[in-house]
Structures are given as C-alpha cells and as structure tokens.
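Protein chains: 2
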Amino acid sequence: MKKKRLFTPGPTSVPEEILLEMAKPIMHHRTDEFRAIVKEVSNGLKYIFQTENNVFIIGSSGTGAMETAITNVFSKGNKIAVVCGGKFGERFAEIGSVYGLEILPVEIEWGKTFKAEELEKLLQENPDIKGLCTPLCETSTGTTFDVESYGKVISKFQDVILVVDGVSSLGAIPCYMDRWGIDVLLTGSQKALMLPPGLSFISLSKKAWEKTENSDIPKYYFDLKKYKKAIEKDDFPFTIPVSLVIGLKRSVDMFREYGLENIWSLHSKRAEATRKGIEEMGLELLSEKPSDAVTAIKLPEGIDGEKLVKNLRTQYGISMAGGQDKLKGKIIRISHLGYMDEFDVLTAIIAVGICLEQMGYKCNLEDGIKEAKKILFS
Amino acid sequence: MKKKRLFTPGPTSVPEEILLEMAKPIMHHRTDEFRAIVKEVSNGLKYIFQTENNVFIIGSSGTGAMETAITNVFSKGNKIAVVCGGKFGERFAEIGSVYGLEILPVEIEWGKTFKAEELEKLLQENPDIKGLCTPLCETSTGTTFDVESYGKVISKFQDVILVVDGVSSLGAIPCYMDRWGIDVLLTGSQKALMLPPGLSFISLSKKAWEKTENSDIPKYYFDLKKYKKAIEKDDFPFTIPVSLVIGLKRSVDMFREYGLENIWSLHSKRAEATRKGIEEMGLELLSEKPSDAVTAIKLPEGIDGEKLVKNLRTQYGISMAGGQDKLKGKIIRISHLGYMDEFDVLTAIIAVGICLEQMGYKCNLEDGIKEAKKILFS
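From first to last, the protein sequence lines are chains A and B.
Heads up: the first sequence begins at 1 in our numbering, then just goes up one per residue.
Heads up: the second sequence begins at 1 in our numbering, then just goes up one per residue.
In short, the hints are calculated from the structure, not lab data.
A few of these clues could be false.
Intra- or inter-copy, both count: the list cannot distinguish identical chains.
Using 20 Å as the maximum straight-line C-alpha spacing, the simulated EDC-like pairs for lysine to aspartate or glutamate come out as follows [unchecked claim]:
no., residue 1, residue 2
1, K226, D146
2, K76, D216
3, K76, D223
4, K130, E102
5, K310, E280
6, K328, D235
7, K226, E94
8, K2, E33
9, K4, E118
10, K233, E306
11, K310, D32
12, K298, E210
13, K3, E21
14, K39, D304
15, K2, D344
16, K79, E284
17, K269, E371
Using the sequences and the hints, build the whole thing.
What follows is the structure, encoded as structure tokens:
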C-alpha cells in the first residue's frame, strides 16, 4: 500500500482528471474539433504568459524551447550575456556557443543572484550586447532572478533582447511577460502546468519577432516562422503531441478557474512553509533568493544527498531531486510545483526529517512541522 | 452514439490498454524503475528496427528525427540525392537546404517510384554524392520505395549513406535495417507503433555513426552524441515524454507477442483487401507501387476530395486523409496502420463507397465489399 509521491521540479504530479482526459481515444490533429481546442489552449497560454502575443506550442522538452529562442532571435556572431548561476543558465550558454554566438557569461556563485544594477553596468560597458538570457527560477539552485528589474534596465537599451527561461517557474511564481518587458519567454509542460513532459511553449515580443526576420542561424523543426504561419489556422507545422494538447486544455481551464494570481499565492505559501519548516529543523537554504517554485536545502556535513534521495524513494516512494553538477550530493530540492495541497507539503518536510534522522542527523523535526503547519493553515 | 474512427496515416488509433497504461500516475524519469522500462523499450525498438545498433528516442515529431538524420550524419556542403516523389521526400530536401547541403533532387512524378538501376547510374555519374535520402513509404502518395535494392546498390559505394524515412511505415511493412544495409532509419510514435504523437526514433549504422564524428552542422537538442552518452545509462539527455515511453513499453511488448513478420502480414492483408475492394468499386489507385501502410485512391472527375474527407468526418465520424500540396482535392488516403481489424477495413471501404454515392458518383460498392471480404477472411 505504498503510495508514490512526486516532489521533483518536473515531472510533477498530473491531476487525475487530466490523466483521464488524455486517456480518451486519440483524435486527428487536422480537424475542426481539435482546432477549437487549440484556439482555447492558445488563449489560455496567453493568460498564463500574461501576454498579448502568440504563444507557440512545440513538441519538445524545455531545452527545445531554449534552442528555439537562441536560434530564432539571434544571428551568428551576436554577443549575448548569459546569467550562469546554475545548470540551466549554463545550458543557454552552451546552446549559444553551438550556434556561433559570442557568449559573455555572467558567472555567479550557484545559489547567488544577479543585481539589476550590475546588469545596467554590464550593458553600458558592452554596447555590442544583443541579448540577455536568464532563468526566472534557476531550477538547479532554487533561486529566483529579478526579471522584472532586468526588464526595466533593458528597456533603456534599444538593441537588447531579454530572453527568460521560465521552464521550472512559469505559472508558479509571478511573471508578467508584457508588463515586465520580457522579449522571449519559454516554459515546458511538466512543471507548473501539471502535464506530462512532451510540450514546450514560447512567446516573442514584437521587438524579438523583428529580430527573427533577419536571423541567419539555420533551423527547421524549431523555425518559429513555420509555427506562426500555422497558428493563424489554429494548426501546427508538424504533428503535435495531440493527447498532451488535450490535457493542456484542462490545465489552462484550471488556471482560469482558480486564477493565476491565486495559484502564485498557493505556491508562495507552500514554499514559505517549507523554508520555515526546514529552517526550524536546523537546516540551511542554499539560495540567497529562494524561489517559490523549488526549495534547495543544504545538507549537513556527513549526509550524502544522493543517498538521501535514494532512501526517500526506496523507503517511502517519495521522489525529490538531489543536486546537479557541482552541487551533486550536497543539496536536496523539494518542488512546490503544480498539483499538491497543504498535506503534501507537510509530507515532504516530514519525510526529509525522518530520513535525515535515520541517516544519523538529529533535527528538530517537531518544531519544523509546527511552524510549517502554522503557515499552511493560517 | 456515433463512434469516431481513425483511418489517417497518423495519428492512428491507440489500443485501449495503452491509453490506460499511460493514464497511470506520472513517474520520475531518473529512477531505477523508469530506467528498467527504458532498457526494455530500447531492446524492443531494436527488434522493430531489425538492428543491432542503438535506437535513440527523441521527444519530437517524425520531422524532428528527419532533421536529426540530416544534421548528424552530414556536413555543410555535402551533396546528397533526395528522392522527391511526394511531400515527405521534399521535406528531406528542404531540411538539407536549410543546413547548407547541396541537394540533388531525384524528381519523380508523385505516385511513381524510382528504380535501383537509376540510382546506380546516378551514383556513378555523381561520385561526390555523400548520401541518398528516401522514404520507405511516401505517405503523401502511398508509394513504397525499394529500399532493399537501394541498399544493395549503395553497398558498392563506400562513401554513400542510405537514409530512410520510415515514419509512416516502420513496423507496418517489411524493413530489415541491418540486413538491407540501411545506414539511418527513423520513425515516429503515432503510426504503426500505435501511440499518440510525441516521440520519434532513429538508429544509425556504424558507417553512419562515423560520419557524425566529423559533422560540422550545429545542433543541440538533436545532437545524437548526447543521446548516445545518455542511453548507456538507459537515460536521456533531456526530459523525455515519460508517459509516451510507458505506452511504448506496451507497444513493443505487443510487437514481440504477435511477431513483427505477422504484423507485416496483417498490414499486407488489410492493404490488399482495400486495393482490391476499391478497384472492384471502379476506382483507381494513385501509386504504381502501392504501399501496405496507406492506400491512395484517385477520385473520379467531379468529386472534390476535400469535401469527401469532410463528409466522412461529419456524417460518420470517420477520419481519412485527403491529398497534400499538388494532390489536394484529388485523392483520398486510407491508412492500414496499427490497431485495427478486418471489420475496420471493411468499414473504411464501405464508408468511402457510401459517401461517393451520396456525392453523386455511382460505384460498384457491393462488388467491392465482396472482394475485400474474400481476402480479409481467407
């Protein structure tokens, strides 16, 4: 009777009603019935992105959307600044290098953030910079970056494009694409949108779209011009994962029902309770600006994070994420994304505490539970 | 009480047991449990591809796998011959052009085929050709190409790679990757594999893999070196559509249970019955070498194919495909792919006949049914 619980920052749990919706017999993607769904889904995505622009749907992981961003809005030899404070910031830099961009990495310690004033200085000193690529939340460290302020800075630089990776955070924490002046915003299906992996989403501002017109980087499957032409008929250039789009319809309906800002509040409460609970237990957070999408916890001396993740999974059926690359074995990450309630949040905290105690680390678990409970049920 | 029936050459019907399998709660993709599934799926795919080489799984449509083929095994400026006898052959040429290859299009009339002797002559006259790209079945015309003979010809040319698009045909009609000397073989999930769209599959021979080592075409999401490194640990470089892989596990199990060659025979019988039934009704086939994956039927003067497709759908809930590009309105295509039985095949034939009669074309429907029935139940 052991249940399985997902607290990983993607894939996240899919609501039962979405799973059942997707289990219906498959429909053809070039029918009026499916196009009507696509139309509603497109509108729902605009709401979640907080944009008036098209949101394109691609059959790929979030990395595919990152590649789409780089290859569509930039040109060979363009110099771009990339916020490298974790694995996914670095991925932007890798993709850019592959396609012949000149990368100016903004190297920051993993878990630290990057100030808007520093960005302004960087852009002033490098007037040839064509874009800034940054995560909204760096999944590998659970750090939120101040994209709103970056937008304000970048609005003063006519030739700079703000590209934001919202893979682990869009729909979970505040993000207003148009209002904040984000030029490219992207995300994936398996995070706050509560779907299985397989779809990614990307939207471009008018300013970014103009850049695509002259981009000389080769692309085909990720060529947004093809998607733009198709979306005018509520269609796709290539066969889309039909069942995921049908699930997405239920997901965007749920976002509308609950309200985007209410959903952000829920995530905020879950994350706050987790942080408070964890700190009361005597543990430390990794990030100087923790995200409400995922909490990264530093593990005490002598605790092997890989082993902790394994123990949680094998003993209790609970999936959490360990550290990646240079943080391997040193942290554990608890996701607050998507489909979960207050009791799930408590379960996550308690499970970490119990496993740590079993591994020989004495923590103040009762205090942690008490504080978390207070926040969750206030 | 109107049922919906899919006779489109992708997406095809998904067996109920696969739909329910995929509706189970989502699991994390970096767990021993999922890796065990990936291992079995990988072996199953090798069986379906009839290869000893790795079959890589990508989160994309079939076009993504076509792009993967082009960008991994060729280099800029390489000259390749492309069999252009329909929409998907032309797509290979388009992708090649985008990535700076020199395309030698083998222009053949849509519905016609291309002889191995002509290929031999072409390769002799153009010793600088680095590859031939061809569909196994050209979906847009329902034509099978003689890949086995192409393989024999190409084996005499050390520097030429045979790239085969099996998107609409692999698993449905005979194809032995290793035995036939195919260097690159690719397909998608939503055809003979009886899954929703969202996954594509590609395998490379040793000869093709050697070419990837020196390829100078930029790629990231479709970079097979990343997939090769990951597959050694039954893993993926990027988050894979987990639920589709779980469905795929059931699909490859079914292929093993029934036997690949038996499944080919089933498709052959369905296609033969359809062709015979249609011809008895007084209609003509488009293709000079009709595929057992999909049958393309020329429509009589005065019958608008777009309208026929629409009538089938709105009146009877039946999805078939019309013509694409230059065949728009002129043909109808009935798929024989995947999950269907003898009665479904009869239903398809009868539905076409009834709709044609309603549109004012008198056909010998009874004779058609009789002949088809004979083949199906022999």
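(request) Since the copies are identical, ignore which copy is meant and state whether K130 and E102 lie within 20 Å (CA to CA) inside a copy, between copies, both or neither. (result) Within one copy, since 10 Å is at most 20 Å while 32 Å is not.
(request) Up to 20 Å between alpha-carbons, please classify K298 paired with E210: within, between, both or neither. (result) neither (44 Å within a copy, 44 Å between copies)
(message) Regarding K310 and E280, is the shortest C-alpha distance of 20 Å or less found within a copy, between copies, in both, or in neither?
(response) neither (24 Å within a copy, 64 Å between copies)
(message) At most 20 Å between alpha carbons: which applies to K79 and E284, within, between, both or neither?
(response) neither (37 Å within a copy, 59 Å between copies)
(request) Tell me, please, which holds for K76 and D223 at an alpha-carbon limit of 20 Å: within, between, both or neither? (result) both (16 Å within a copy, 19 Å between copies)
(request) Have a look at K3 and E21 and pick one of within, between, both or neither, based on CA distance no larger than 20 Å. (result) between (22 Å within a copy, 17 Å between copies)
(message) One pair to classify: K233 and E306, alpha carbons no more than 20 Å apart. Within, between, both, or neither?
(response) between (48 Å within a copy, 17 Å between copies)
(message) Within a copy, between copies, both or neither: which one fits K269 and E371 at a CA-CA cutoff of 20 Å?
(response) The answer is within: 12 Å in one copy meets 20 Å, while 68 Å across copies does not.
(message) Within a copy, between copies, both or neither: which one fits K4 and E118 at a CA-CA cutoff of 20 Å?
(response) The answer is neither: 44 Å in one copy and 59 Å across copies each exceed 20 Å.
(message) Within, between, both or neither: how does the pair K2, D344 come out at a Cα-Cα threshold of 20 Å?
(response) within (15 Å within a copy, 42 Å between copies)
(message) At most 20 Å between alpha carbons: which applies to K226 and E94, within, between, both or neither?
(response) between (25 Å within a copy, 13 Å between copies)
(message) When Cα atoms must be at most 20 Å apart, do K310 and D32 count as within-copy, between-copy, both, or neither?
(response) This pair counts as between: shortest inter-copy Cα distance 10 Å, intra-copy 47 Å.
In the structure shown, a violation is registered for the earlier hints numbered 1, 5, 9, 12, 14 and 16, in ascending order.
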